[in-house]
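Chemist: Residues per chain, in single letters:
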Amino acid sequence: MALTRLGPNQSINLASNVTGTLATGNGGTGATSFSPGKLLQIQSVNFTSGVTSVTTDSFTATEVTDQITPSATDSKILVIFNTSLSQYEGSGSGCKYEAGIYRQINGGGYSRIYAGSGNSYGGYGESSGNTERTTSFPTTMTFLDTSHNTTNAIDYKLYLSLLTASGQGDNVNTGASDQERSVTLIEIGA
Amino acid sequence: MENNTKACIAIQKLKEGVQFSFTGDIVTEADFNKINWKTGVDSEGASIMTTTNPHSEITWTAVKAEMDKL
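Protein sequence lines correspond, in order, to chains A and B.
Heads up: the first sequence at position 72 corresponds to 72 in the numbering used here, and the numbers run straight through without jumps.
Heads up: the second sequence at position 8 corresponds to 1008 in the numbering used here, and the numbers run straight through without jumps.
A hint or two may mislead.
Straight-line C-alpha distance at most 25 Å; calculated PhoX-like pairs for lysine-lysine [to be verified]:
no., chain 1, residue 1, chain 2, residue 2
1, B, K1038, A, K157
2, B, K1006, B, K1064
3, B, K1034, A, K157
Short derived list, chain B residues pointing at chain A, Cβ under 7 Å [unchecked claim]:
no., residue
4, T1039
5, V1041
6, G1045
Hint data in this document are derived by calculation from the structure and do not stem from the laboratory.
Cβ atoms here follow ideal geometry from the backbone N, Cα and C, with glycine treated the same way.
Extracted from the complex, chain A is given alone in its bound form (with noise of 0.2 Å):
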């Protein structure tokens, strides 16, 4: 390798004039390029106090809810829901909700992303029925978000409604005595 003394006041364009690999015995990677982490940011919130309840057939926004400003309009967002869901029911055939994931780019107003109509829902049915009663479940929605294409805000929201088809229950709340809420929002790389 030619090596060349530099004066006082010369410098190397580290752009054309370096090559090489440094060792890792000698503190370098051993590799001859480098290729940056995908991971590109998490956002994150929690949620103590305030649950939502919802009556609703169809489905109505609750507090859960936070918001990513991507960095790459081809990158992904990892979204993950964390809650405990409940219901009460005073007499019927059981708890049943559904839950969506819907998102809202740059105020624009929401839409479902996540899931179609009638696959994602909770609870349970009882064949006997009629006895008041409530549930709590532990519910985690996770969404990969492909389609955003924007470098604009996006907010992510959980949605509830009750499963009007069988043993809907009176309501459904996004949990039972404040139990803590989370929302988790990756973005990966391309």
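Please arrange chain B on chain A, whose structure you already have, making use of the hints.
Modeler: Then chain B, alone, in the frame of chain A:
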């Protein structure tokens, strides 16, 4: 029984089948006035809500009275 469930039961006793949502507890008239009432469904299948109570029979006084019975 949780306060939010009491509020749901009380409102539905006053008018069966009424659909609404709220965040936090219903303890005062100010809380009651923040309830979102369903008025329809949009093209995305989401509820259209308003804080203007369209149900004249559901008042804070009546709801409070029902909640106190529970």
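Chemist: Taking the hints in turn, state whether each one holds.
Modeler: For each hint, the structure was consulted:
1. Among the hinted pairs, K1038 of chain B with K157 of chain A is consistent with the structure: their alpha-carbon atoms are about 18 Å apart, no more than 25 Å.
2. Restraint check: the Cα-Cα separation between K1006 of chain B and K1064 of chain B comes to about 10 Å, which is no more than 25 Å; the hinted pair holds.
3. A threshold of 25 Å between alpha carbons decides the hint, and for K1034 of chain B with K157 of chain A the separation of about 19 Å falls inside it, so the pair holds.
4. A least Cβ separation of about 11 Å between T1039 of chain B and chain A goes past the 7 Å threshold, and the interface hint is therefore violated.
5. Checking V1041 of chain B against chain A by beta carbon gives a least distance of about 5 Å; that is within 7 Å, so the hint holds.
6. The beta carbon of G1045 of chain B comes within 6 Å of a beta carbon in chain A, closer than 7 Å, and the hint placing it at the interface holds.
Checked against the numbered hints listed earlier, the structure breaks hint 4 alone; every other hint is satisfied.
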